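Protein chains: 2
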Amino acid sequence: MKALKEKLMDSNAGYAAVFGKNAELSSIPAKKLAILTCMDCRLDPAEFSGLSLGDAHVIRNAGGRASDDAIRSLVISHKLLGTDQWFVIHHTDCGMEMIDNSNMGELLSESLGTAILDREGWKNLQRDGGSEEGKFINWLPITHQRNSILEDVKRIREHPLVSEKISVYGFLFDVKTGRLEEIKD
Amino acid sequence: MKALKEKLMDSNAGYAAVFGKNAELSSIPAKKLAILTCMDCRLDPAEFSGLSLGDAHVIRNAGGRASDDAIRSLVISHKLLGTDQWFVIHHTDCGMEMIDNSNMGELLSESLGTAILDREGWKNLQRDGGSEEGKFINWLPITHQRNSILEDVKRIREHPLVSEKISVYGFLFDVKTGRLEEIKD
Chain B
1375 MKALKEKLMD SNAGYAAVFG KNAELSSIPA KKLAILTCMD CRLDPAEFSG LSLGDAHVIR
1435 NAGGRASDDA IRSLVISHKL LGTDQWFVIH HTDCGMEMID NSNMGELLSE SLGTAILDRE
1495 GWKNLQRDGG SEEGKFINWL PITHQRNSIL EDVKRIREHP LVSEKISVYG FLFDVKTGRL
1555 EEIKD
Chain X
1375 MKALKEKLMD SNAGYAAVFG KNAELSSIPA KKLAILTCMD CRLDPAEFSG LSLGDAHVIR
1435 NAGGRASDDA IRSLVISHKL LGTDQWFVIH HTDCGMEMID NSNMGELLSE SLGTAILDRE
1495 GWKNLQRDGG SEEGKFINWL PITHQRNSIL EDVKRIREHP LVSEKISVYG FLFDVKTGRL
1555 EEIKD
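Protein sequences appear in the order of chains B and X.
The opening position of the first sequence corresponds to residue 1375 in my numbering, with each subsequent residue numbered one higher.
The opening position of the second sequence corresponds to residue 1375 in my numbering, with each subsequent residue numbered one higher.
Worth double-checking, as some hints may not be accurate.
Repeated chains share a single entry, so a pair holds when one copy, or any two copies, can fit it.
Calculated cross-link-like contacts (lysine to aspartate or glutamate; reagent style EDC-like; alpha-carbon spacing at most 20 Å) [unchecked claim]:
#, residue 1, residue 2
1, K1376, E1555
2, K1528, E1484
3, K1381, D1502
4, K1509, D1442
5, K1550, E1480
6, K1558, D1384
7, K1558, E1380
Since the hints were derived computationally from the structure, they do not count as laboratory data.
Keep in mind that this is a model prediction, so the values were computed, not measured.
Work out the full structure: start from the sequences and follow the hints.
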């Protein structure tokens, strides 16, 4: 059986064979749009918002949070490449609602391996020696779905490096229906 | 003419109408894969590596860099959702090769608005008052395309919160051909 890496390289060879006119796309997003959303495997922002290759910057992290690094990326997106509409899209059933900084730190201090979630909470399958480093990180957990969207829009909106000319909108993507809902104050 | 937001909501309504069995997808990536890549508008990681919805976590930022926030996301990806193969994918003609920390800080201190690149370098179109904040940020510029991939793979590989059981691979995506090339030491 082929390993995952080889399978993906095979798929990519097929993609490259029909790449054609995509070679002419500009690095400047045609729709002047940047999307910040979660890394979740059930989300495909180009698909769920009907975008074509070349239309938008897509920034993704755990939770779709307005982390310092997301803001670094957004500021570059406007400053160097001219996007002026930014969509912050969180989603239902997000893993970031199921942790907090305390249990992430504890879990990682016992083991770096994958934990499982049962009725009593997260449990490590092994206790093979982890790292205390996890206790010094803000994992950016989400305690309230809609508030986290409003907070992230607000953080971006009020950031000293974000121009007033940029429009920032918040959305919730429902993983059970595929639907986007705008979330406003 | 409809505004961008309304157009995207219309497209999304069409997507939701045929969402169907996607509602049953697990939050656990079927291919146990996480991809870290650039926000660039010419990249669609699901397309160029032949992935389906539900297969992989996708983390994206300016440059596809192994920032602290990318590592936060990757560690969550393995610890809570079991991914064990991570692909770091940078690309040719990346905007991060065209800046350094010094000119980003200077440009932003003059204006928050979009700058243009000409033969003499980046220039602000306005000087309408920016912010000194940009001088205190590491923008994670790229000085050497292939080295930046190797450095990022190394940072992830050696991070105290990354399990030895995870495979980390580096790739370069060519925006002129659509082709992925593995980059190794």
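Hints versus structure:
Within a single copy, K1376 and E1555 get their C-alpha atoms only as close as 41 Å, which misses the 20 Å cut-off; across copies the closest is 18 Å, which meets it. Proximity of K1528 to E1484 under the C-alpha cut-off of 20 Å is found in neither arrangement, the shortest distances being 36 Å within a copy and 24 Å between copies. Taking identical chains as interchangeable, the C-alpha atoms of K1381 and D1502 are never at most 20 Å apart, the minima being 32 Å within one chain and 51 Å between chains. When the C-alpha separation of K1509 and D1442 is checked against a cutoff of 20 Å, the pair qualifies both within a copy, at 19 Å, and between copies, at 14 Å.
Proximity of K1550 to E1480 under the C-alpha cut-off of 20 Å is found in neither arrangement, the shortest distances being 31 Å within a copy and 46 Å between copies. In this assembly of identical chains, K1558 and D1384 lie within 20 Å of each other by CA distance solely across copies; the values are 18 Å between and 44 Å within a copy. Taking CA atoms no more than 20 Å apart as the test, K1558 paired with E1380 passes between copies only; the shortest distance there is 15 Å, against 45 Å inside one copy.
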